[in-house]
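Residue numbers (numbering that gives the first Met the number 0), protein chains in the order written: chain D, 0 to 254; chain V, 0 to 254.
FYI, nobody ran anything at the bench for these hints, they're computed from the structure.
Possibly wrong hints are sitting among the right ones.
[To be verified] To be clear about the criterion: a stretch of chain D counts as covered by chain V if any three or more of its residues have a C-beta under 8 angstroms from a C-beta of chain V, and this derived list gives those stretches:
#	region
1	31-38
2	53-66
3	215-221
[As the list claims (entries may be wrong)] Some residues of chain D that are not near chain V, with every Cβ distance over 12 angstroms (derived):
#	residue
4	R78
5	L227
6	A231
7	D247
Yeah, the Cβ is synthetic: ideal placement off N, Cα and C, and Gly gets one too.
Protein chains: 2
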Amino acid sequence: MPPGTADESFLHRVVTVLSAFRPEDDGLGAAELARRTGLPKSTVHRMALALAETGVLERRGAEVRLGLKLFEIGQRVPRQRVLRDAALPYMSDLREATRQTVHLAVLEGHEVVYVEILPTPGGPDLPSRIGGRFPAHATGVGKAILAFSPPPAVRSIVDGELSRVSGRSVVAPGLLVRELERIRKEGVAFDREESGPGIVCAASPVLAPDGSALGALSVSGWSGRMRLHHVAPAVHTAALALSRALGDRPSGALR
Amino acid sequence: MPPGTADESFLHRVVTVLSAFRPEDDGLGAAELARRTGLPKSTVHRMALALAETGVLERRGAEVRLGLKLFEIGQRVPRQRVLRDAALPYMSDLREATRQTVHLAVLEGHEVVYVEILPTPGGPDLPSRIGGRFPAHATGVGKAILAFSPPPAVRSIVDGELSRVSGRSVVAPGLLVRELERIRKEGVAFDREESGPGIVCAASPVLAPDGSALGALSVSGWSGRMRLHHVAPAVHTAALALSRALGDRPSGALR
DNA sequence: CGGAGCGTTCCGCCACGTGGGACGCCCGGT
DNA sequence: ACCGGGCGTCCCACGTGGCGGAACGCTCCG
């Protein structure tokens with residue numbers, strides 16, 4: 000080990016191992032985990048046994064998978080729980096009124112994390128998953144949140160690498176900044192096939208009493224079947240109503 | 000520490016600290032965490048800082064709370080993800096048809112863990128929460144699952160302590176065994192105010208191709224407003240349809 | 001029949017988790 | 001104004017337990 004290098008701590012390694020599980024995975028073996036994490040097989044194996052002992056992982060023969068205990072603890076995370084519980088009825092109304100798929104997301108670093116998704120029977124198969132991530136600058140919810148976020152956080156994203164998720168993603172920093180200004184004025188963000196081909200979306204921020212964004216609501220559908228100027232007022236209204244409801248409650252700590 | 004006792008390992012302590020957060024909590028201080036876990040304050044404080052470094056916990060001033068990363072990982076847990084994704088449309092239909100609150104739960108030890116809940120506007124405020132636990136013998140979903148579970152697992156619960164959750168909970172082992180036999184014959188379990196006053200529920204197991212229960216669906220409502228013999232066929236039908244859909248797919252590892 | 005990949009076990013080394021104690025701070029009661 | 005209790009934070013000598021290269025037995029496949 001090169002001297003001066005703060006080698007990864009034990010806890011970092013644990014998180015690395017847990018994060019190595021992908022959504023589509025079921026059980027993984029010690030060798031596969033070692034390959035994904037870059038850790039010695041012996042180390043991963045010992046750790047997997049210890050984690051299984053605690054219930055964080057579950058043994059299935061020789062393989063190991065994420066345990067139900069992680070799901071239980073994950074549901075108690077305040078950042079999603081409080082917002083999700085308050086938003087659910089508004090999301091339900093929004094789906095009813097627009098007959099489209101409704102999303103609720105929060106910002107985490109340079110990406111959004113989807114907290115809840117209400118799919119609609121006839122709608123497209125979207126790549127978004129509850130608990131999944133997506134680059135903030137390439138989604139409606141992401142831009143809606145960024146438009147009402149502290150300048151330093153926005154700067155960090157604008158000056159960072161703006162990945163081209165689809166052919167129409169906004170990757171020019173100047174263009175993105177100007178779009179955020181427009182969103183700040185109008186209160187609604189749009190995504191015209193920027194996150195995926197054939198998919199459009201209108202999004203509006205959920206605001207704390209101090210004006211900063213806690214998250215965002217959105218409505219998504221096929222570009223041919225959904226008129227953005229039609230659903231935009233509905234999304235905006237729902238987000239305003241939710242913001243007001245959150246402000247009234249003594250919900251306290253969301254940010 | 001009594002000699003011979005294998006003092007709790009570091010990982011056990013980490014899980015203890017994470018489990019110390021209750022659903023209604025937001026941020027907790029080092030002293031409060033030390034009190035709840037029984038660990039030395041110094042130890043908890045150091046651990047909290049390390050966990051915050053990994054993103055598992057988030058620092059909020061001097062306090063610390065469960066981090067969004069835990070929610071993300073929790074959503075990847077296969078036991079809930081595969082079942083929940085497959086069940087959602089059937090649950091939605093069931094709510095539509097019965098106009099009552101629909102639950103999906105799995106068995107974990109002596110308790111059920113709620114995986115998904117579709118509330119209905121006019122329904123009662125139930126104590127159940129997604130990711131929450133409840134004694135299996137005192138709920139409709141619990142009894143539905145137990146009726147189709149391996150005898151050793153059932154024995155362990157029947158012979159264990161059958162807590163009296165409400166005044167009408169089944170606490171007599173013999174009575175419970177006989178009820179499970181009836182459920183096995185009819186395919187539907189009932190809960191007549193056994194888990195809470197004024198609440199009734201009909202539940203039916205989601206079965207793997209081998210006949211063992213993966214989880215259960217239920218419909219709950221006010222005892223005066225919902226007729227059990229009316230919703231029972233609907234729950235049973237939905238559960239059968241879901242079981243068949245899971246059997247057809249190469250979903251693989253659910254148990 | 002041989003090699004590749006797997007899960008599992010071993011063991012000497014030393015990083016790092018340990019926890020009692022101390023410190024400065026902000027309270028709220030007197 | 002004073003003081004005591006609770007808080008977050010920090011320190012440091014101690015020794016536990018994580019470390020990981022290596023080796024073993026196994027199964028599968030060409």
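To see whether the hints hold, each was checked on the structure:
1. 31-38: violated (count 0)
2. 53-66: Contact hint for the region 53-66 of chain D vs chain V: holds, 8 residues under 8 angstroms.
3. 215-221: violated (count 0)
4. R78: 5 angstroms, violated
5. L227: Given that every Cβ of chain V is farther than 12 angstroms from that of L227/D, nearest at about 26 angstroms, it holds.
6. A231: Answer for A231/D: holds, closest chain V Cβ roughly 26 angstroms.
7. D247: 18 angstroms, holds
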